[in-house]
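Q: The lines below spell out each chain.
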Amino acid sequence: MQKEEILRSVNNIFIDTLDNEEIILTYDTTADDVEDWDSLNHIQLVVAVEKKFKIRFTSQEILGWNNVGEMIDCILKKDI
Amino acid sequence: MGLRITDEMELIKDFKILKRNLKKDFSGLKKIKVALMGDTATQFLTQALRASGFDREFDLQIWEADFNQIERQVFDPSSELYDFSPEIVIIYQSSHKLLSKYNKLPPGKYASLADTELDLIGNLCAQIDSRLHTKIVYYNYTEIDDSVYGNYSSKVEASFLFQLRKLNYKVMEFSISHPNFYLLDLSSMQNKYGKCTFFQTSIYINTEMVLSIDILPAIASLTTDLIGAMYGKFKKCIILDLDNTMWGGIIGDDGMDNIEIGSLGIGKAFTEFQYWLKKLKNRGIILAVCSKNTESIAREPFEKHPDMVLRLDDIAVFVANWENKVDNIHHIRNILNIGFDSMVFLDDNPFERNIVRESIPLLTIPELPEDPAEYLEYLYSQNLFETVSVSDLDAERTKQYQVEAQRAVVQQSFTSEADFLESLNMLSIVRPFDNFNIPRAAQLSQRSNQFNLRTVRYSEADIELLGKSEDSFTFSFTLEDKFGDNGLICIVILKSENNDTLFIDTWLMSCRVLKRGMEHFVLNCIADFGQGGGFKYLKGEYIPTLKNEMVKDHYSKLAFKARDGSWILNLSEYEIRPCFINKK
Chain A
1 MQKEEILRSV
11 NNIFIDTLDN
21 EEIILTYDTT
31 ADDVEDWDSL
41 NHIQLVVAVE
51 KKFKIRFTSQ
61 EILGWNNVGE
71 MIDCILKKDI
Chain B
1001 MGLRITDEME
1011 LIKDFKILKR
1021 NLKKDFSGLK
1031 KIKVALMGDT
1041 ATQFLTQALR
1051 ASGFDREFDL
1061 QIWEADFNQI
1071 ERQVFDPSSE
1081 LYDFSPEIVI
1091 IYQSSHKLLS
1101 KYNKLPPGKY
1111 ASLADTELDL
1121 IGNLCAQIDS
1131 RLHTKIVYYN
1141 YTEIDDSVYG
1151 NYSSKVEASF
1161 LFQLRKLNYK
1171 VMEFSISHPN
1181 FYLLDLSSMQ
1191 NKYGKCTFFQ
1201 TSIYINTEMV
1211 LSIDILPAIA
1221 SLTTDLIGAM
1231 YGKFKKCIIL
1241 DLDNTMWGGI
1251 IGDDGMDNIE
1261 IGSLGIGKAF
1271 TEFQYWLKKL
1281 KNRGIILAVC
1291 SKNTESIARE
1301 PFEKHPDMVL
1311 RLDDIAVFVA
1321 NWENKVDNIH
1331 HIRNILNIGF
1341 DSMVFLDDNP
1351 FERNIVRESI
1361 PLLTIPELPE
1371 DPAEYLEYLY
1381 SQNLFETVSV
1391 SDLDAERTKQ
1401 YQVEAQRAVV
1411 QQSFTSEADF
1421 LESLNMLSIV
1431 RPFDNFNIPR
1441 AAQLSQRSNQ
1451 FNLRTVRYSE
1461 ADIELLGKSE
1471 DSFTFSFTLE
1481 DKFGDNGLIC
1491 IVILKSENND
1501 TLFIDTWLMS
1511 CRVLKRGMEH
1521 FVLNCIADFG
1531 QGGGFKYLKG
1541 EYIPTLKNEM
1551 VKDHYSKLAF
1561 KARDGSWILN
1571 LSEYEIRPCF
1581 INKK
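Chains as they are written, first to last, in the working numbering: chain A, 1 to 80; chain B, 1001 to 1584.
Misleading hints may appear alongside valid ones.
Listed next, the stretches of chain A that the computed footprint assigns to chain B, with coverage defined by at least 3 CB atoms under 8 Å from CB atoms of chain B [as the list claims (entries may be wrong)]:
| no. | region |
| --- | --- |
| 1 | 7-16 |
| 2 | 22-33 |
| 3 | 36-46 |
With a Cα cut of at most 25 Å, we get these calculated SDA-like pairs of lysine to any residue [unchecked claim]:
| no. | chain 1 | residue 1 | chain 2 | residue 2 |
| --- | --- | --- | --- | --- |
| 4 | A | 51 | A | 12 |
| 5 | B | 1097 | A | 62 |
| 6 | B | 1023 | A | 61 |
| 7 | B | 1024 | A | 8 |
| 8 | A | 51 | B | 1389 |
| 9 | B | 1024 | A | 34 |
| 10 | B | 1235 | A | 61 |
| 11 | B | 1013 | A | 55 |
| 12 | A | 51 | B | 1208 |
| 13 | B | 1016 | A | 38 |
| 14 | B | 1236 | A | 8 |
| 15 | B | 1166 | A | 67 |
| 16 | B | 1023 | A | 15 |
| 17 | B | 1195 | A | 62 |
| 18 | B | 1557 | A | 58 |
| 19 | B | 1195 | A | 6 |
| 20 | A | 51 | B | 1193 |
| 21 | B | 1023 | A | 18 |
Interface residues of chain B toward chain A, partial, derived using beta-carbon atoms under 7 Å [stated by the list, open to error]:
| no. | residue |
| --- | --- |
| 22 | 1012 |
| 23 | 1016 |
| 24 | 1017 |
| 25 | 1021 |
| 26 | 1043 |
| 27 | 1148 |
| 28 | 1202 |
| 29 | 1207 |
These are calculated hints, taken from the structure and not from any lab test.
The structure presented is a predicted model; accordingly, all values stated were derived computationally and were not measured.
All C-beta atoms in this analysis are idealised placements derived from N, C-alpha and C, irrespective of residue type, glycine included.
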């Protein structure tokens, strides 16, 4: 799967999970840029991404990303 | 196996979708103050509970204790918990924290873990009880096998699994002796969905949350089922279709010898289903039949088929004809005199289910799976029969409704109602609440919706407290007649407001005994009591609910005078009201 495609997919997961149609993600987006993306909802987003791509992140990965791009690189690494 | 889990998962609502309830309008829903205290992070559980409450028409106002604050909140008299003064306290002490405690013990103390924890639970409850008038919901322990002893752990009392199971057993015993302590069976839920679904290691390590996001809606649903039962939302009756619901095949076409029940075809599925229904009936759930059939043909298997588990005397109301099911269900409801929201309709035919669902939206109509082999597992998963009280009298209920049907037939032969009532030879035992009638009194307080003037719900624990109060006076009434004994059917609780006035805090009655003059008999009894105690006035109040319109004019019919939103009866002018019931 291409990186662009994953970004679109992750964007949809954010819209769906945070119930906010206005979210537009880029590789550089951080938690500070998105309303409601707090540490609690982060967990919900992580689980939704795991489900969508049928992958599991490790415990270290979950807290290691600095922005959306790093999360997507991590998904790509999982060989989907 | 994988497929099975997927099937189960589909029964659970998606947390993300459930959460959308939080943005809906909660106004007008019943507010209940709930305190949630956990030794792990419970923010998502709080959201799931509130959202799940919305589906059951509750506005759960949840106060969540800070993480791992249970003991501080409970043992500090000036804590936020006591300040909040909740109606329900939920305590969730997780198995993971239990395991951490165990891990830190010196090995010589391993075997005392369960007893130590039980003592702590006992102390928590005693503290809460001494400061709050509340119900306690306690989540039991999901199993963690630390695999230190393998299967041998069952021979080693000091093993963690042994101690965890012992504790789960001990809290059940504890709940028997503590009426306001209710267990929520998380362990059994984990058995159903599996630990892999219940628990996600990466999330636990990062956040101190021990429940996976996927399982939250199911736990919230089970919890609000229990809360619903505490507030009078529970099922009392199952209406059953016959062909392909109670047995395989069509009795009218296939004949009694060819229906599938017992060893024939997939009869085992129906036999086991009937055993389940029989257990429910023995617990006090009323069974009624509603079938499109010729009545004599429909009755035949109940009378003669050797493999039928259910017999005619298990069925309170039997309706088989060619009329439409909606009318027949209305007819059944009229005989039983209970609300549609306390009834469940089971029918294999999706078409019939839809027609009934459209006309009677309050009725619960499970989407039975196409394969009868799956009926039972599916129905188990629905947790339809949550309750917070059972009494020995429940088992008599079917008999009472059958007698009621007989009474209806006899009544038609009398021209005057008075003649009919007199012919019944009615007797009532009037007693204050005592250890024998408290369970039934509490149950009636929770079950009665229609003939209930103020709809104050009392649990067994509440009622025991009333018994100790000096300005409360309790009355229970039974009613029997020549056809049979209805048991305890009415309770009244009076509270002295001052030296002159007795306030009728509670007056409720089972609708089984409507139109027998019971209200006149009851008023004679309490008026007599009031006069004996030197009181001058009885004061009544009607608080309208969606269901108690039946008693809107109760006090005016009994000659109470309206005054400032209440109803007053002057005892010095009281004349004994005529009725055909005598004290036994």
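Q: Would you mind marking each hint as holding or not holding in the structure?
A: Results of checking the hints against the structure:
no., hint, in the structure
1, 7-16, "violated (count 1)"
2, 22-33, "violated (count 0)"
3, 36-46, "holds (count 5)"
4, A/51 - A/12, "holds (13 Å)"
5, B/1097 - A/62, "holds (23 Å)"
6, B/1023 - A/61, "violated (32 Å)"
7, B/1024 - A/8, "violated (29 Å)"
8, A/51 - B/1389, "violated (41 Å)"
9, B/1024 - A/34, "holds (23 Å)"
10, B/1235 - A/61, "violated (48 Å)"
11, B/1013 - A/55, "holds (21 Å)"
12, A/51 - B/1208, "holds (21 Å)"
13, B/1016 - A/38, "holds (15 Å)"
14, B/1236 - A/8, "violated (51 Å)"
15, B/1166 - A/67, "violated (47 Å)"
16, B/1023 - A/15, "holds (16 Å)"
17, B/1195 - A/62, "holds (21 Å)"
18, B/1557 - A/58, "violated (72 Å)"
19, B/1195 - A/6, "violated (30 Å)"
20, A/51 - B/1193, "holds (17 Å)"
21, B/1023 - A/18, "holds (12 Å)"
22, 1012, "violated (13 Å)"
23, 1016, "holds (5 Å)"
24, 1017, "violated (10 Å)"
25, 1021, "violated (11 Å)"
26, 1043, "holds (6 Å)"
27, 1148, "violated (23 Å)"
28, 1202, "holds (4 Å)"
29, 1207, "holds (6 Å)"
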